[in-house]
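Peer 1: Hey, can you piece these two chains together into the complex? The hints should help.
The listed protein sequences derive, respectively, from chains A and B.
With this note's numbering applied, the first sequence corresponds to residues 1 to 382, in that order.
With this note's numbering applied, the second sequence corresponds to residues 1 to 85, in that order.
FYI, nobody ran anything at the bench for these hints, they're computed from the structure.
Glycine residues also receive a C-beta, built at the ideal position from the N, C-alpha and C atoms.
Warning: the hint list may mix true and false statements.
As the list claims (entries may be wrong) - Partial list, derived from the structure: chain A residues whose beta carbon lies under 7 Å from chain B:
#	residue
1	E17
2	N21
3	S24
4	K25
5	Q28
6	L29
7	F30
8	E31
9	I32
10	R34
11	S263
12	F267
Unchecked claim - Distance ranges between label pairs, derived from CB positions:
#	chain 1	residue 1	chain 2	residue 2	range
13	A	K67	B	N25	56 to 66 Å
14	B	N25	A	N26	23 to 33 Å
15	B	K13	A	A76	20 to 30 Å
16	B	I26	A	F71	25 to 35 Å
17	A	A76	B	F4	33 to 43 Å
18	B	K50	A	N26	31 to 41 Å
19	A	K67	B	R81	43 to 53 Å
20	A	N26	B	G35	55 to 65 Å
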Amino acid sequence: MKLKNYHFFKIKGLNQERLFNKLSKNIQLFEINRLEKNLSTFKVKFFDGKKVQKILHEDGFQIIEHKKSGFLSQLAIFCTSYGLIAGLVISVLLYGVQAQFIQNIQVRGVENCAEIEQYLKTHISSKYKSSIDIQQIEHMINDNFDDLSFISGAIVGQTLVVNLKNQIIPPEMQSEFSPIVSQYDGVITKISLIQGTLKVKVGDIIQKGQILVEPKVVNSSGEEFNIQPKAQIYMDVWFEGEATHFDKQVITFRTGKKCENVSVMLFGAEFYNNGVMCDFDNYESQQKTIKLCNNNLLPFKIVKTTYFQLESQTIISTFEEKQDEIINLAKQNCLQKIDGCEIIKNESYRILQGAGSTTVKYVITANILASGENNENLLKQT
Amino acid sequence: MFNFFDEIKKALKSQKFTEKYNIINISGRILYVEGHLGICKLSKQQISFKVKGEMIIVEGEDLMLFELMDKTLKITGNIKRVEVL
Chain A
1 MKLKNYHFFK
11 IKGLNQERLF
21 NKLSKNIQLF
31 EINRLEKNLS
41 TFKVKFFDGK
51 KVQKILHEDG
61 FQIIEHKKSG
71 FLSQLAIFCT
81 SYGLIAGLVI
91 SVLLYGVQAQ
101 FIQNIQVRGV
111 ENCAEIEQYL
121 KTHISSKYKS
131 SIDIQQIEHM
141 INDNFDDLSF
151 ISGAIVGQTL
161 VVNLKNQIIP
171 PEMQSEFSPI
181 VSQYDGVITK
191 ISLIQGTLKV
201 KVGDIIQKGQ
211 ILVEPKVVNS
221 SGEEFNIQPK
231 AQIYMDVWFE
241 GEATHFDKQV
251 ITFRTGKKCE
261 NVSVMLFGAE
271 FYNNGVMCDF
281 DNYESQQKTI
291 KLCNNNLLPF
301 KIVKTTYFQL
311 ESQTIISTFE
321 EKQDEIINLA
331 KQNCLQKIDG
341 CEIIKNESYR
351 ILQGAGSTTV
361 KYVITANILA
371 SGENNENLLK
381 QT
Chain B
1 MFNFFDEIKK
11 ALKSQKFTEK
21 YNIINISGRI
31 LYVEGHLGIC
41 KLSKQQISFK
51 VKGEMIIVEG
61 EDLMLFELMD
71 KTLKITGNIK
81 RVEVL
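Chain B on its own, in the form it takes in the complex (with noise of 0.2 Å):
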């Protein structure tokens, strides 16, 4: 099957930095989240969750976790920047 992650890996040919998280920011009104590790902190205004070596903060208004499993995750909400610790 198709996937859009796998064939950007494939075009940068480079392994080091891919295995780790996949996020995919949709018009600002949705983030998808492949590869977290827990959330860290959960509130309206911010959403910050664990990646492999990384920490990973989301700003903005609204926010909410629309779905949560065990290796990723939703959150929808009004996002205005992604950041990586």
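Next up, chain A with everything else stripped away, as it sits in the complex (with noise of 0.2 Å):
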């Protein structure tokens, strides 16, 4: 058995042997070695290292050396020092009371938190916790500085944290408003004006971008408002599109016929080919990495290139043939230039002939909303 926590002695007299027995009635001894004639050396167990030394004093024993071990010792040790106890009782108390006192002042989410920890430093009458109202912090901050719409205090440990949100004013309240401008080119055909100040009348050809309605009023007395433009503003726009017949056509198609050659890569040089070479006359190409592996010590890559065979036909025919499929190809790439649900007033188109091509303009005149508001009124009107 090994002592972890015992007592060493080490003692001087006479008749050892005695003592030896003696104490061994009751305690267990350990490491019992004879130095010489009157002089020895035993352990007993921390328990009973009192006992041993009130027994060695009676008998007359010379204790030359006594020695503790262990953490029972350490903890005895230390619950003897009283100085020590007092220090960390001390410090103890001191924490306790130091804590009860605000030590740090953090202001956050605006940007003059250093002026308001300033103003807070020197206006709040005590550091000590209980005596800090939240409140009225919340209140002196509100009265002091301007522009904020929300005030949170709170003690956190040792550090009262304050946290702002500014105000955040609507652009109605700020009087920055912006005018109705017009979105497409074309003619006004409707005005139903809410507020603000008109600047077109129905007739009018109007350029994209060009100012329809002021944000702002004047009142009997002559004094200038801003204010919300509101109106709803219709007009006319026209939206072409056009497609382009030819006499004679030449069209490429795959025939459906394929080969694929495979190689293997390594570091840029071919490692294998699987030796399939393309012979189509007309062919067109399609090539895909990939790697074998994911490690980087042997990227090895396969290359696969694909070759489809390719055919041309000239295709020969004259536009009075395809004039219906053409004109209905150039009708739907003036319809995708308009967005929504317009109404479509008026609807044409011109054939204009070139050199061995003849091309069809095809003319929408919408209706819509040009304020730029969103359509859902006009949509309800139709």
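Peer 2: See below:
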């Protein structure tokens, strides 16, 4: 058995055998070593130390050396170190006392945090936590600093944390409004003004980006006020689309025949090739590279090249044969340019003859809401 | 529980001398004793102790009383001879 917590004694005295016999009646003795005739050492368990010491004194033995070892002895030393205990108690007390005060002030959420922090440092009457009234601090900040919409204070540990948010002023309050501008080129057909100053009239030709309603009004006294402009302005807008027919046209298409060349590459050098060569007269190719394995040690790559056979065909047709198809294509191209459900007022097309080609230009006149607001009202009208 | 000494005593079928003491010598390095009645001499060369009606003398080098309890003891060191007087 190895002793971890023990007392070690080195004793001097006569008739030590008698002493050991006496001690062993009640106490376990370990590692008894007779150094000289009247000098020996031994160990006892930690809790038997005091008993042994008492017996040694009673029997007139001289204790030359007495050592304690192990965690328990260290603990005993600590428990009997009154200075250390006093220091610890004082530290705990000091910590307890100073924990009752705030040491730091943190302001978050706004740009002028430093200014508010400085203000709080100079205006908080006491740093004692119990005497700090958070609500009062919040009111104090609110009274002395503008443009704040949210103030929340809290004591976290030894820090007074104040969270702030700036006031967000809506555009109406800021008196900064944008005018209504036209989104299209066209002719104004109908105006329904709600508020603002109108800058156009029915029949005017308008360009894209032109101001339709100014964000201001003038009252009967001649004073000018800024206001959010509101109006529904409808205008006729022309949309154009075209399609071209060629009298002689060469079409190239894939026949469906293909061949595939596969090679394995390593560091740019070809490692393997399946030897398949393309023997088509006309072809197009697609190349795909795949990593064979994901490690960087041997980055093998498979390069697959697929050749598709192509064939060309010359198609000769007259515009008259394809006229309806081309006009419809031009109309579809034109309709693609119209955003939503505008009222189509008129449709027309022109045929332009060229050398070996005929172009159809399709024009749609639509009545749309040009003021930039949503088209829901217009949709209801239709 | 199995006791090595009891098993030997049973095998010998004699109770006259089996109640005195037990000694076991392990490789001449450790001597375990049961039934001692107190040590008589303690030195690095010789440790002697009483048992019922007899005395045991252990001789050797660097002898140490490794453990001493009321009835048992353990001697460590280079044990040369164990003599019963």
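Peer 1: Determine which of the earlier numbered hints do not hold for this structure and return their numbers in increasing order.
Peer 2: 11, 12, 13, 15, 18, 19 and 20
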